[in-house]
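Trainee: Read off the chains here:
There are 2 protein chains.
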Amino acid sequence: MIIEAVDLFYLSMPEITNEVDGSQDALLVRVSGSGLTGWGECEASPLTSIANFICPKSHGAAHPVSYSVLGQELNSPQDIVRISNEVREKSLTILQTPHTFSGIEIALWDLLGKYLEEPVYKMLGFDKTFSKTPYASQLFGSTPDETYKKAKSSLKTGYRAVKFGWGKFGIDLTEDQKHIEAAREGLGKDCKLMVDVGSVWKDDLNEASSRLDMLEKADVQWLEEPFYTDSFSAYKGLSQSTKVPLAGGEGCHNPLMAKNMIDFCGLGFIQIDSGIIGGIGSAKEVADYAVSRDVQFVNHTFTSHLAFVSSILPYCGYEDFIFCEYPVQLKPLAWDITIEHIQLNDEGKIDIPEKTGLGIEVDVEGIKPYLSMVKIELDGKEFYQTPSL
Amino acid sequence: MIIEAVDLFYLSMPEITNEVDGSQDALLVRVSGSGLTGWGECEASPLTSIANFICPKSHGAAHPVSYSVLGQELNSPQDIVRISNEVREKSLTILQTPHTFSGIEIALWDLLGKYLEEPVYKMLGFDKTFSKTPYASQLFGSTPDETYKKAKSSLKTGYRAVKFGWGKFGIDLTEDQKHIEAAREGLGKDCKLMVDVGSVWKDDLNEASSRLDMLEKADVQWLEEPFYTDSFSAYKGLSQSTKVPLAGGEGCHNPLMAKNMIDFCGLGFIQIDSGIIGGIGSAKEVADYAVSRDVQFVNHTFTSHLAFVSSILPYCGYEDFIFCEYPVQLKPLAWDITIEHIQLNDEGKIDIPEKTGLGIEVDVEGIKPYLSMVKIELDGKEFYQTPSL
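Going down the list, the sequences are from chains A and B.
Just so it is clear: in the first sequence, position 174 is 174 by the numbering used here, and no numbers are missing.
Just so it is clear: in the second sequence, position 113 is 113 by the numbering used here, and no numbers are missing.
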């Protein structure tokens with residue numbers, strides 16, 4: 001099959017707030033070949049990535065991403081690897097490239113799976129899949145009382161693990177303590193509690209260390225993103241001074257970065273977003289490496305169920321990687337991207353879809369109200385226009 | 001002073017070839033305040049970075065770069081640090097951000113220097129500057145004979161150090177040997193020879209190791225970029241098996257990445273481009289760290305003399321960092337960006353300009369023929385247009 005078209009669609013809520021909630025807009029990718037279509041989603045700034053996809057080349061290692069994808073042969077998983085390598089080489093010096101390519105790569109898997117009539121997990125080399133324990137991923141409340149109520153409500157819904165993140169956490173020691181205690185109180189003793197601080201301490205080891213006591217007392221499952229992704233020395237220092245496992249890696253935009261974090265940061269959990277790291281194949285490479293290094297792989301997802309499935313596929317066949325991040329506060333746009341949604345099974349776990357391709361379908365009619373039309377002119381001539389959905 | 005305007009200009013040669021020659025297009029930045037203007041240059045894909053500069057926000061950590069710069073106070077170097085930190089936080093999840101901000105940050109130094117009537121090196125805390133030994137940075141010839149002639153010609157021009165890079169080097173062992181021998185023969189015994197392979201071996205330690213013998217025999221000063229920037233394990237492995245110093249770091253897009261390379265890769269030379277790493281302040285942070293770790297700092301530059309000055313300023317006050325990369329194969333566009341050009345002094349060395357700001361002026365009339373006009377519409381409404389030069 002030939003990749004005949006790659007189309008990018010910028011979807012957006014009517015209003016975007018300053019919440020750090022990645023479900024407020026989306027960059028969807030549709031790839032077409034042999035009368036079939038595959039879909040994927042980038043975790044990326046839509047307009048920036050559209051420009052990256054179609055920009056005039058700057059030199060031999062700065063081609064637009066489209067250059068290495070359009071018109072290529074796609075008949076096997078090896079073709080996706082080859083295309084990924086070519087994108088990396090030909091667009092190496094455009095920093096945005098992995099964000100842009102991630103959704104395209106995911107769409108290629110979906111298209112290939114439909115073409116070969118295989119679910120993606122089988123094409124990845126897994127014989128079977130294992131259910132994952134979802135943790136309800138949500139923002140801290142604006143008050144400790146709201147955090148408590150959110151925790152209580154998640155427990156009631158049947159979650160066995162809950163993660164609180166971002167909000168104002170990490171700024172004020174006393175407030176932080178109240179939120180952590182409220183979360184643990186709301187969840188009771190047995191529910192797992194994860195804490196995500198969204199790089200709030202940058203590379204400041206002392207700020208992080210001063211919270212270890214409260215985190216240990218609340219028996220948290222992990223502390224996520226205490227520092228910027230590249231703060232290796234701070235990560236290493238913190239990991240050596242606590243038994244609280246550290247989690248991080250969502251910012252990794254290629255497999256080598258994630259391997260470096262595994263090798264040098266003392267992580268307990270490596271968290272990878274297929275929509276950021278370069279797609280499902282790149283994420284699978286990290287999962288394989290995590291197996292060999294006795295580090296737990298977990299998906300990172302804060303957007304649609306299309307993105308969610310794309311991020312659990314890379315480790316769905318590894319029984320020992322038990323958790324998955326399950327976003328529970330999606331904006332309507334992110335919910336409306338797919339026709340079906342992945343629900344908790346009777347045991348409160350997540351099953352991986354068995355259908356061909358990604359196993360989840362985009363709701364083309366449902367997303368139309370969110371579509372933002374982009375047009376770019378260069379020197380007075382039309383250079384790019386959003387294609388029709 | 002208030003930052004009243006930040007304008008991005010996409011300049012391009014009429015034809016862009018597949019050479020890996022970054023001087024074929026440029027993204028220039030002009031910042032204005034108090035009736036003064038400052039200039040900077042990004043080492044970035046121009047259209048991608050323009051989109052990054054003005055894109056609608058996606059959430060609280062994905063603002064356009066413009067959001068954290070326009071309208072800000074600028075009265076001291078601390079203001080530049082504050083703005084840099086704000087850009088990092090508010091645009092954290094847009095991968096392209098550091099490439100886009102780099103040129104803006106450089107322009108802020110230029111503007112501030114003109115406002116305070118100080119050269120940038122003094123604002124960076126240096127009392128005086130030290131001349132640097134330039135190495136002529138150029139591509140390998142297409143044949144060993146052409147490489148020989150280029151070497152010979154550089155020696156004749158008065159260079160004491162020459163770097164050959166990219167081309168077809170690194171693919172064929174026998175050909176590589178011929179090029180290395182031709183380069184050394186052309187340069188004679190005393191001229192320093194650097195070799196830049198532009199990540200050709202990705203993360204393949206064996207491919208690199210098989211060239212060590214020829215590199216040692218040719219007495220090369222360093223082997224540059226044997227692997228992708230993130231290939232830490234391969235770098236470390238190679239550094240432990242040779243006395244040839246390794247050089248790398250041009251891909252670092254924040255100071256933490258560069259510090260990680262210094263800490264974990266066994267580098268002899270860290271090579272930083274102010275137009276990539278986030279600007280002059282970020283590059284200076286790496287230079288300071290390199291001092292403490294006994295690693296040599298060198299600029300990376302393959303574009304205009306504006307970019308060249310921006311990349312030597314961060315270490316111009318450190319006497320022990322002796323080399324600088326001096327591009328000698330610039331396309332006319334890159335040459336035409338500045339009115340003056342930095343020439344070798346009588347000793348064949350590079351002096352740092354003493355004038356206020358960056359100390360080098362943009363040729364506004366000279367660049368007009370290269371200007372590419374960008375217009376972006378969203379949902380039928382004009383959203384962005386290249387301002388007038």
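Bear in mind the hints are in silico, worked out from the structure with no lab data behind them.
Some clues are possibly wrong.
Pairs count within a copy or across copies, as identical chains cannot be separated in the list.
[Said to hold, decoys possible] Straight-line distance between alpha carbons at most 30 Å, and here's what the computed DSBU-like set of lysine-lysine pairs gives:
#, residue 1, residue 2
1, Lys-202, Lys-217
2, Lys-375, Lys-243
3, Lys-236, Lys-202
4, Lys-57, Lys-90
5, Lys-381, Lys-178
6, Lys-122, Lys-355
7, Lys-375, Lys-57
8, Lys-178, Lys-114
9, Lys-381, Lys-368
10, Lys-349, Lys-114
11, Lys-90, Lys-381
12, Lys-152, Lys-189
13, Lys-122, Lys-202
14, Lys-168, Lys-368
15, Lys-57, Lys-243
16, Lys-381, Lys-57
17, Lys-57, Lys-168
18, Lys-375, Lys-90
19, Lys-375, Lys-355
20, Lys-90, Lys-178
21, Lys-192, Lys-368
Trainee: What label fits Lys-57 with Lys-243 when the C-alpha limit is 30 Å: within, between, both, or neither?
Mentor: For Lys-57 and Lys-243, the Cα distance exceeds 30 Å both inside one copy (49 Å) and across copies (38 Å).
Trainee: Using 30 Å as the alpha carbon limit, work out where Lys-122 and Lys-202 are close: within a copy, between copies, both or neither.
Mentor: between (39 Å within a copy, 28 Å between copies)
Trainee: When Cα atoms must be at most 30 Å apart, do Lys-202 and Lys-217 count as within-copy, between-copy, both, or neither?
Mentor: within (24 Å within a copy, 45 Å between copies)
Trainee: Could you figure out if Lys-375 and Lys-90 sit no more than 30 Å apart (CA to CA) within one copy, between two copies, both or neither?
Mentor: both (25 Å within a copy, 26 Å between copies)
Trainee: If the cutoff is 30 Å on CA atoms, where do Lys-57 and Lys-90 land: within, between, both or neither? Let me know, please.
Mentor: Answer is both: 10 Å inside a copy and 28 Å across each meet the 30 Å cutoff.
Trainee: Should Lys-381 paired with Lys-57 be assigned to within, between, both, or neither, using CA atoms and 30 Å as the limit?
Mentor: For Lys-381 and Lys-57, both the intra-copy (17 Å) and inter-copy (27 Å) Cα distances are at most 30 Å.
Trainee: Is it within a copy, between copies, both, or neither that the alpha carbon of Lys-375 lies no farther than 30 Å from that of Lys-57?
Mentor: both (19 Å within a copy, 18 Å between copies)
Trainee: With identical chains treated as interchangeable, where does the CA-CA distance between Lys-152 and Lys-189 reach 30 Å or less: within a copy, between copies, both, or neither?
Mentor: within (12 Å within a copy, 76 Å between copies)
Trainee: Pop the pair Lys-375 and Lys-355 into one bin, within, between, both or neither, using alpha-carbon distances up to 30 Å.
Mentor: neither (36 Å within a copy, 43 Å between copies)
Trainee: One pair to classify: Lys-168 and Lys-368, alpha carbons no more than 30 Å apart. Within, between, both, or neither?
Mentor: neither (34 Å within a copy, 48 Å between copies)
Trainee: State whether the alpha carbon distance between Lys-122 and Lys-355 is at most 30 Å within one copy, between copies, both, or neither.
Mentor: Classified as within: same-chain Cα gap 11 Å, cross-chain 65 Å, threshold 30 Å.
Trainee: At most 30 Å between C-alpha atoms: does Lys-57 with Lys-168 qualify within a copy, between copies, both, or neither?
Mentor: between (42 Å within a copy, 20 Å between copies)
Violated hints, listed in ascending order, are 2, 5, 8, 14, 15, 19 and 21; each of the other numbered hints is respected by the structure.
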